[in-house]
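Peer 1: Now for the letters of each chain:
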Amino acid sequence: MISLERELRILPPAKLSLEGVSKTFVTKRGEIEALENLSLQVKEGEFVCLVGRSGCGKSTLLNIIAGLEKPERGYVLADGRPVTGPGRDRMMMFQDSALFPWLDVIGNVLFGLKLKPNFSRTDRIEVAKFYLRLVGLEQFTHAHIHALSGGMKQRVALARALAPNPKVLLMDEPFASLDALTREQLYLDIQKIWQERKKTIVFVTHNVREAACLGDRVVVFGVHPGGIRAEFIIGLARPRDINSVAVRELRIGYHRRVKGNTD
Amino acid sequence: MKRALHACIFFSLLVLIWHLLVRAGVWSPVLLPSPASVARYLYEAASDGTLGQAAIVTIRRLLVGYAIGIVLGLPLGLLTARFKFSEDTVGVLALGLQTLPSVCWVPLALLWFGQTEVALFFVVIMGTLWSVIIATDNGVRHVPPIYVRAASTMGSKHLHTWLKVILPASLPFIVSGMKQGWAFAWRSLMAAEIYVTILSGFGLGHLLHYGRELNAMDQFIGIMLVIIAIGLVTDKMLFAPWERLLHRRWGTGLAQ
Numbered sequence: 001m002i003s004l005e006r007e008l009r010i011l012p013p014a015k016l017s018l019e020g021v022s023k024t025f026v027t028k029r030g031e032i033e034a035l036e037n038l039s040l041q042v043k044e045g046e047f048v049c050l051v052g053r054s055g056c057g058k059s060t061l062l063n064i065i066a067g068l069e070k071p072e073r074g075y076v077l078a079d080g081r082p083v084t085g086p087g088r089d090r091m092m093m094f095q096d097s098a099l100f101p102w103l104d105v106i107g108n109v110l111f112g113l114k115l116k117p118n119f120s121r122t123d124r125i126e127v128a129k130f131y132l133r134l135v136g137l138e139q140f141t142h143a144h145i146h147a148l149s150g151g152m153k154q155r156v157a158l159a160r161a162l163a164p165n166p167k168v169l170l171m172d173e174p175f176a177s178l179d180a181l182t183r184e185q186l187y188l189d190i191q192k193i194w195q196e197r198k199k200t201i202v203f204v205t206h207n208v209r210e211a212a213c214l215g216d217r218v219v220v221f222g223v224h225p226g227g228i229r230a231e232f233i234i235g236l237a238r239p240r241d242i243n244s245v246a247v248r249e250l251r252i253g254y255h256r257r258v259k260g261n262t263d
Numbered sequence: 001m002k003r004a005l006h007a008c009i010f011f012s013l014l015v016l017i018w019h020l021l022v023r024a025g026v027w028s029p030v031l032l033p034s035p036a037s038v039a040r041y042l043y044e045a046a047s048d049g050t051l052g053q054a055a056i057v058t059i060r061r062l063l064v065g066y067a068i069g070i071v072l073g074l075p076l077g078l079l080t081a082r083f084k085f086s087e088d089t090v091g092v093l094a095l096g097l098q099t100l101p102s103v104c105w106v107p108l109a110l111l112w113f114g115q116t117e118v119a120l121f122f123v124v125i126m127g128t129l130w131s132v133i134i135a136t137d138n139g140v141r142h143v144p145p146i147y148v149r150a151a152s153t154m155g156s157k158h159l160h161t162w163l164k165v166i167l168p169a170s171l172p173f174i175v176s177g178m179k180q181g182w183a184f185a186w187r188s189l190m191a192a193e194i195y196v197t198i199l200s201g202f203g204l205g206h207l208l209h210y211g212r213e214l215n216a217m218d219q220f221i222g223i224m225l226v227i228i229a230i231g232l233v234t235d236k237m238l239f240a241p242w243e244r245l246l247h248r249r250w251g252t253g254l255a256q
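Protein sequence lines correspond, in order, to chains G and R. For the first sequence, position 109 matches number 109 in the numbering used here, and the numbering has no gaps at all. For the second sequence, position 202 matches number 202 in the numbering used here, and the numbering has no gaps at all.
Treat the hints loosely; a few may be bogus.
[What the hints assert, rightly or not] Here are the simulated DMTMM-like cross-link-like pairs (lysine to aspartate or glutamate), alpha carbons at most 25 Å apart as the crow flies:
hint	chain 1	residue 1	chain 2	residue 2
1	G	Lys198	G	Asp241
2	R	Lys157	G	Glu31
3	G	Lys70	G	Asp104
4	R	Lys179	R	Glu213
5	G	Lys192	G	Glu69
6	R	Lys164	G	Glu69
7	G	Lys192	G	Glu231
8	G	Lys28	G	Glu44
9	R	Lys164	G	Asp89
10	G	Lys198	G	Asp89
11	R	Lys164	G	Asp123
12	G	Lys28	G	Glu7
13	G	Lys28	G	Glu5
14	G	Lys192	G	Asp89
15	R	Lys164	G	Glu126
16	R	Lys157	G	Asp96
17	G	Lys28	G	Glu46
18	G	Lys114	G	Glu72
19	G	Lys129	G	Asp79
20	G	Lys129	G	Asp241
21	R	Lys157	G	Asp123
22	G	Lys192	G	Glu36
23	R	Lys157	G	Asp89
24	G	Lys198	G	Glu44
25	R	Lys164	R	Glu87
26	R	Lys157	G	Glu7
27	R	Lys164	G	Asp241
28	G	Lys15	G	Glu31
29	G	Lys129	G	Glu69
30	R	Lys157	G	Asp104
31	R	Lys164	G	Glu5
32	R	Lys157	G	Glu72
33	G	Lys28	G	Glu69
34	R	Lys84	G	Glu69
35	R	Lys157	G	Glu184
36	G	Lys15	G	Glu36
Hints listed in this document are in silico derivations from the structure and should not be mistaken for laboratory results.
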C-alpha cells in the first residue's frame with residue numbers, strides 16, 4: 001500500500017530532452033512537414049512556453065512528449081528514459097477540457113487515480129480532494145461537468161492532470177477559450193501551483209503575452225517546416241501579472257525581434 | 001401536479017368527443033363501440049383474468065426477446081465500430097436487415113421453429129438486434145477522440161478504455177437505440193401474435209385477432225388501448241429515467 005504522505009509528496013521534477021524529432025502528416029494535398037529535426041532541452045522544474053501560429057507543429061510536439069504520437073525520427077527522453085507511450089509521469093491538459101460528462105467533478109479527478117495500482121479507495125478520495133482544494137473547487141466535488149463555467153472546467157482538468165502526481169505537466173492552449181478575467185486569475189494560480197508542486201511545465205500557446213507572463217523561457221516556433229526560430233529567457237520575478245509593464249515590454253521586444261522572420 | 005391535471009383534462013376530452021361521436025350515430029355501433037362498452041369489456045376481461053393472463057404472456061415474450069437482442073446487439077455494435085472486418089460484414093448485414101420490417105420474419109420463424117415460443121422470441125430478437133447494433137456502432141463513432149486521448153494519458157488502454165470511456169461516452173446514442181429497438185420489438189411481436197396462433201400461450205395480439213374475427217369491436221379497441229398503455233408505461237418507467245439522467249449529466253435537452 002502507498003501511504004498518503006508518500007503519494008502527495010513533492011516529487012523532483014523531470015528533465016526532458018528531445019533530439020532530432022521529425023514528424024510529417026499525410027493529407028489530401030500531400031505531405032506536410034509538421035516538425036523537422038527539432039531538438040529541445042527542458043530543465044528540471046522549468047516552465048517553458050512554446051509560441052507560434054497554428055500549424056507550426058507546437059501541439060504535435062506536445063503530443064509527442066505525451067506519448068500520444070510517435071515521431072518518425074528522433075526521440076524524447078524524460079528523465080533519461082525514452083518515451084514510448086503515454087505515462088503518468090507526463091500528464092496533459094487540453095484546450096477543450098476533455099472532462100468526462102458521465103462522471104461528476106471528483107469522478108473525473110479519480111479516473112486517473114483508479115488506474116494507479118496499490119491505492120486504497122479512501123486514499124484515492126483523499127488525494128482527489130487534496131487537488132480539488134488546490135485548484136479551489138472543494139465546494140464543487142459532486143457537481144456535474146456541464147454545470148461548470150469554462151474556467152472551472154479547466155480547474156477540474158488541472159486537478160485531474162495533477163492528481164496522479166506527474167513530474168511533467170503538458171498544457172495545450174489550456175486557457176485559450178476562456179474570458180480575459182478568468183484567464184488572468186488562472187495565470188496567477190498556475191504560477192502558484194507550479195511553484196508549490198515543483199513541476200516541469202511545457203505550455204503551448206499562440207499568445208505571446210501569455211507566454212512572457214508564464215514562462216521561464218519562451219521558445220518561438222515557425223511554420224513550413226515547423227521548428228524553433230528563436231528563444232527568450234524571461235527573468236522577471238514571480239508571480240507575474242499579465243498586465244504588468246514588464247510583461248508588456250517583453251511582448252513589444254518580441255515583436256521587434258521576431259516578427260517578419262517567424263514565417 | 002399541474003402537468004398531471006393537464007393530461008387528465010386532455011384525455012377526458014378525447015373520451016368525451018368519442019362518446020359524443022357514438023351518440024351522434026355517425027358510424028354504426030358495430031364499427032365504433034361506445035367508451036362505456038369498451039370499459040365494460042376491459043372490466044370483465046380484467047376480472048375474469050383473460051386480460052392479465054394475455055398481458056403477462058405478451059410482456060414475458062417481449063422482455064425475453066428484447067433482453068437477448070440487447071445482450072447480442074451491444075457487443076456486436078462495439079465490434080463493428082472497432083474492427084473494419086466486422087464493420088464490412090456484420091455492420092452491412094445489420095444495416096440491411098434493419099430496413100426489413102421485422103414482421104417479414106414471421107413466416108420464416110414459423111417454418112423454422114413451428115408454433116412455439118422460440119418462433120416469437122426470434123421475431124422479437126430480429127426486431128431489436130439490428131437497431132441496437134446500429135445505435136451502438138453509431139454512438140461509438142460519435143465519441144470525441146479527445147476523451148480517448150485524455151484517458152490514455154491517465155494510463156487507460158484496451159478493454160479499460162472501451163468499458164470506462166467509449167461505452168459511457170456513447171450512452172446517449174445507445175439509449176436511443178434501445179428505445180427504438182423496444183418500439184420495433186413491440187410492433188413485431190404484435191404482428192406475430194395477430195398472424196400466428198401460438199399454442200404455447202395467448203397474448204394480447206391474439207385477443208386483438210379474436211376481437212376482429214368475432215366482430216367484437218369493444219374487445220378490439222379495448223386491447224388496443226391496453227397495448228398503448230403498456231407502451232406508455234414502459235417508456236415512462238424504463239427509458240424516461242435514463243434519458244433524464246443523461247440530459248442532466250450531458251447538459252442536453254431543454255430543461256423544464
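Peer 1: Checking against the hints above, which ones are violated?
Peer 2: Violated: hints 2, 3, 4, 5, 8, 12, 13, 17, 18, 19, 20, 22, 27, 28, 29, 31 and 35.
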